[in-house]
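2 protein chains.
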Amino acid sequence: MDIHQLTRTLHIKNDSKIVMLVGDGLGGLPLEPGGLTELETAKTPHLDALAERGVQGGSIPVLPGISPGSGPGHLGLFGYDPLQYVIGRGALEATGIGFELQHGDVAIRCNFCTLDAAGDISDRRAGRIPSEESAPLVEKLRAVSIPNIEIFVEPVKEHRFVVVLRGEGLDGNVADTDPQTTGAPPLTPEARDAGSEKTAEVAAEFFKQAIKILAGQPQANGLTMRGFSARPHLPSFEEVYGLRAAAIAVYPMYKGLARLVGMDIVGAATTLSQQMDVLAEKWADYDFFFIHYKYTDSTGEDGNFAAKVARTEDLDAIVPQITALDPTVLIVTGDHSTPAHLKNHSWHPVPTLLVSDHCRTDQCRQFSERESVHGGLGQFEAKHLMTLALANAGRLGKYGA
Amino acid sequence: MDIHQLTRTLHIKNDSKIVMLVGDGLGGLPLEPGGLTELETAKTPHLDALAERGVQGGSIPVLPGISPGSGPGHLGLFGYDPLQYVIGRGALEATGIGFELQHGDVAIRCNFCTLDAAGDISDRRAGRIPSEESAPLVEKLRAVSIPNIEIFVEPVKEHRFVVVLRGEGLDGNVADTDPQTTGAPPLTPEARDAGSEKTAEVAAEFFKQAIKILAGQPQANGLTMRGFSARPHLPSFEEVYGLRAAAIAVYPMYKGLARLVGMDIVGAATTLSQQMDVLAEKWADYDFFFIHYKYTDSTGEDGNFAAKVARTEDLDAIVPQITALDPTVLIVTGDHSTPAHLKNHSWHPVPTLLVSDHCRTDQCRQFSERESVHGGLGQFEAKHLMTLALANAGRLGKYGA
Numbered sequence: 042m043d044i045h046q047l048t049r050t051l052h053i054k055n056d057s058k059i060v061m062l063v064g065d066g067l068g069g070l071p072l073e074p075g076g077l078t079e080l081e082t083a084k085t086p087h088l089d090a091l092a093e094r095g096v097q098g099g100s101i102p103v104l105p106g107i108s109p110g111s112g113p114g115h116l117g118l119f120g121y122d123p124l125q126y127v128i129g130r131g132a133l134e135a136t137g138i139g140f141e142l143q144h145g146d147v148a149i150r151c152n153f154c155t156l157d158a159a160g161d162i163s164d165r166r167a168g169r170i171p172s173e174e175s176a177p178l179v180e181k182l183r184a185v186s187i188p189n190i191e192i193f194v195e196p197v198k199e200h201r202f203v204v205v206l207r208g209e210g211l212d213g214n215v216a217d218t219d220p221q222t223t224g225a226p227p228l229t230p231e232a233r234d235a236g237s238e239k240t241a242e243v244a245a246e247f248f249k250q251a252i253k254i255l256a257g258q259p260q261a262n263g264l265t266m267r268g269f270s271a272r273p274h275l276p277s278f279e280e281v282y283g284l285r286a287a288a289i290a291v292y293p294m295y296k297g298l299a300r301l302v303g304m305d306i307v308g309a310a311t312t313l314s315q316q317m318d319v320l321a322e323k324w325a326d327y328d329f330f331f332i333h334y335k336y337t338d339s340t341g342e343d344g345n346f347a348a349k350v351a352r353t354e355d356l357d358a359i360v361p362q363i364t365a366l367d368p369t370v371l372i373v374t375g376d377h378s379t380p381a382h383l384k385n386h387s388w389h390p391v392p393t394l395l396v397s398d399h400c401r402t403d404q405c406r407q408f409s410e411r412e413s414v415h416g417g418l419g420q421f422e423a424k425h426l427m428t429l430a431l432a433n434a435g436r437l438g439k440y441g442a
Numbered sequence: 042m043d044i045h046q047l048t049r050t051l052h053i054k055n056d057s058k059i060v061m062l063v064g065d066g067l068g069g070l071p072l073e074p075g076g077l078t079e080l081e082t083a084k085t086p087h088l089d090a091l092a093e094r095g096v097q098g099g100s101i102p103v104l105p106g107i108s109p110g111s112g113p114g115h116l117g118l119f120g121y122d123p124l125q126y127v128i129g130r131g132a133l134e135a136t137g138i139g140f141e142l143q144h145g146d147v148a149i150r151c152n153f154c155t156l157d158a159a160g161d162i163s164d165r166r167a168g169r170i171p172s173e174e175s176a177p178l179v180e181k182l183r184a185v186s187i188p189n190i191e192i193f194v195e196p197v198k199e200h201r202f203v204v205v206l207r208g209e210g211l212d213g214n215v216a217d218t219d220p221q222t223t224g225a226p227p228l229t230p231e232a233r234d235a236g237s238e239k240t241a242e243v244a245a246e247f248f249k250q251a252i253k254i255l256a257g258q259p260q261a262n263g264l265t266m267r268g269f270s271a272r273p274h275l276p277s278f279e280e281v282y283g284l285r286a287a288a289i290a291v292y293p294m295y296k297g298l299a300r301l302v303g304m305d306i307v308g309a310a311t312t313l314s315q316q317m318d319v320l321a322e323k324w325a326d327y328d329f330f331f332i333h334y335k336y337t338d339s340t341g342e343d344g345n346f347a348a349k350v351a352r353t354e355d356l357d358a359i360v361p362q363i364t365a366l367d368p369t370v371l372i373v374t375g376d377h378s379t380p381a382h383l384k385n386h387s388w389h390p391v392p393t394l395l396v397s398d399h400c401r402t403d404q405c406r407q408f409s410e411r412e413s414v415h416g417g418l419g420q421f422e423a424k425h426l427m428t429l430a431l432a433n434a435g436r437l438g439k440y441g442a
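As they're listed, the protein sequences go chains A and B. Just so you know, we're using our numbering here: the first sequence kicks off at 42 and counts up by one. Just so you know, we're using our numbering here: the second sequence kicks off at 42 and counts up by one.
Worth flagging that the hints you see were computed from the coordinates, not collected in a lab. A couple of the hints might just be wrong.
Identical copies look the same in the list; a pair holds intra-copy or inter-copy alike.
To be verified - Subject to a maximum C-alpha distance of 25 Å in a straight line, what follows is the list of computed DSS-like cross-link-like pairs (lysine-lysine):
| no. | residue 1 | residue 2 |
| --- | --- | --- |
| 1 | K439 | K198 |
| 2 | K384 | K54 |
| 3 | K181 | K335 |
| 4 | K439 | K335 |
| 5 | K239 | K323 |
| 6 | K384 | K58 |
| 7 | K58 | K323 |
| 8 | K335 | K323 |
| 9 | K439 | K384 |
| 10 | K253 | K198 |
| 11 | K58 | K239 |
| 12 | K84 | K384 |
| 13 | K181 | K253 |
Isolated chain A, as found in the complex:
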């Protein structure tokens, strides 16, 4: 049973406001067994005050033991089963650079590579050519022209760029052209189903024209194409929950993920403080606000425990600006854990706090990993968080008579 089959029929409109504050990679680990995590080390008086009023639980992003990337991590928080809904690599890369994919688009992750005189790959990453050198080449590739197909070529970083194909009859089931070895030429794009044959032909033509444009380049004279993918079909927040939803994020990836589920991207904040300003400005216009905070993740990935503690305290400091707006439901969570100790996303349950007048408060007095796992929400798969939010907001009717 898809959760949305339930929410579609049960959701109710009212004047409630739901805020989901996501500290990316929020959960952590102690540096020494038995020690404190980043969140437990941080002074978080405002979050702890919420813990007294609210109910905590441990959110399992996908399944026990599974560490998610940002895509599956956020889909889970948004209530989309991350094992059912898969965002292709190309679509995620395009999303990550802020490209607004439309339905029917096919996105492709491309690498510049070096070809030898025989046309074989001698360097699969074109010497990791710096962005300053690759960007002008990406621009040159915009000269590729194919009838009835709109083509977007966008830089990512170093040897990486994205191609998006837009036109009738395209689909994303095309095999990678990277042979995964040197001494062999890039493969010809091959469709893996009938609906993707046109995409394979267009990609082959793109490659042919691109090679001519790149001829004579010392390093980046070839390219490989990977992760062909259409925009995923994700039903919108409006359709499945009846929510007018806004995303207040700084980084393109998270704006992109929010856009895929039909949220409006509001404001142009570049700091948490500006994000709070946007929240106050837009308060009347939406039912649901997704606020994304990146630095609990990036400091974790850097392995910088102290910095993650400091960034967590920064997050705590803005809580009063949210509670001042008196949201009906306030959720504080993360898309996964990123312990500084591991310098990576991890599988550990994410401390999750839900505050509402009807949340059935538990005995937790601190917002922390160790309290959350025996909180009133227990441990739960992240995909169930949205129905808990809707229920606490009085936005879900009874199932069955």
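We have chain A; now place chain B onto it with these hints.
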């Protein structure tokens, strides 16, 4: 989504070592409400020390309220959904006596019965004929000969024996021949699908020849055939987890279950102490070790609370021999609970302890039923234990970008 679809694509090789110590039927119940369980009564200083370093949870063998047999109990621990993978009764009986089933074999549980002059069953268990009397009859039945079919006839206990058919084109979907009543003859074997028709014919021929061989026996002059089943198709540990796995078990049933998931059966230990010697000897050769300890279950089935306490203390005593090897991940669990109070397998969550450097220690200080249920692993279906083990061993990559 099958867990193995994930683990197949995400598993990573490294030098980590995982040990899963299974105390069969480990969980228990107090004799009086409010009292202590067997595990809580036992003095377990080594397990309690692990509890300080590790993380606990309550493992639900199948689903809440479902008491499993040894087959489903172990499949869950091994990460094979016990509702998806079913080991037929005949295959389990053959496994339990140490018969190495091959793919394509069909195993059948047989009972000697007593037939009257009209050929009707007068005693469905042939007076529970003792093993000393049934074993020579089993040997006589090995004279049955059917072209192109290899036939194995193996004693089990009293009136029970196993027949394994080996040959081309056999499958296990054949109805039982036991009419479940006296005063009626054994039924003719009937195939329930086209692929099992040959098996039904072979079984009918086996019955015909067997009856001639048994003619004149005072009690065991007939037989019924039940639980026809092929060897189940279980993907191997190597394939789904990338693990070279070894089983160190004393009893044939558990060696057999481990063999079905592709573990090597190592050593010939008959005591826990010898099992520890085997573990140390084979330490370099495998990534994963399954150690099975029977007596926490058998004492529970006997209803002998004090003996189960003592056997639990025996299990605790060997823990230092495992920790001396410094496993990356050490798991202590059971395949189900066997409370002496119930003299039977039960549905209660099994205290489960996982120790690794990245396990996120919880506040539990004792390995016990009552601490485990509010431990950091929460309550979880046993089938998720292997992904937790792999994650803690650094053997799972990230899901999605």
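Status of each hint after checking the structure:
1. In the homo-oligomer, the alpha carbons of K439 and K198 lie at most 25 Å apart only across protomers (21 Å), although the nearest pairing inside one protomer, at 50 Å, exceeds that limit.
2. In this assembly of identical chains, the alpha carbons of K384 and K54 lie at most 25 Å apart only when taken from different copies (19 Å versus 42 Å within one copy).
3. Proximity of K181 and K335 under a CA criterion of 25 Å is satisfied in neither setting, with 33 Å inside one chain copy and 71 Å between copies.
4. With identical chains, the CA atoms of K439 and K335 are at most 25 Å apart between copies only, with a shortest distance of 19 Å across copies and 37 Å within one.
5. Neither within a single protomer nor between protomers do K239 and K323 lie at most 25 Å apart by alpha-carbon distance, with minima of 43 Å and 55 Å respectively.
6. With identical chains, the CA atoms of K384 and K58 are at most 25 Å apart between copies only, with a shortest distance of 22 Å across copies and 35 Å within one.
7. In the homo-oligomer, the alpha carbons of K58 and K323 lie at most 25 Å apart inside one protomer (11 Å), although the nearest pairing across protomers, at 53 Å, exceeds that limit.
8. Proximity of K335 and K323 under a CA criterion of 25 Å is satisfied intra-copy only: 21 Å inside one chain copy versus 46 Å between copies.
9. For a Cα distance limit of 25 Å, the shortest separation of K439 from K384 across copies, 13 Å, qualifies, whereas the shortest one inside one copy, 44 Å, does not.
10. Taking the closest pair of Cα atoms, K253 and K198 come within 25 Å of each other only inside a single copy of the chain (22 Å); across copies the shortest separation is 79 Å, beyond that limit.
11. Neither within a single protomer nor between protomers do K58 and K239 lie at most 25 Å apart by alpha-carbon distance, with minima of 45 Å and 49 Å respectively.
12. In the homo-oligomer, the alpha carbons of K84 and K384 lie at most 25 Å apart inside one protomer (22 Å), although the nearest pairing across protomers, at 39 Å, exceeds that limit.
13. Proximity of K181 and K253 under a CA criterion of 25 Å is satisfied intra-copy only: 11 Å inside one chain copy versus 82 Å between copies.
The structure fails to meet hints 3, 5, 11 from the earlier list, while all remaining hints are met.
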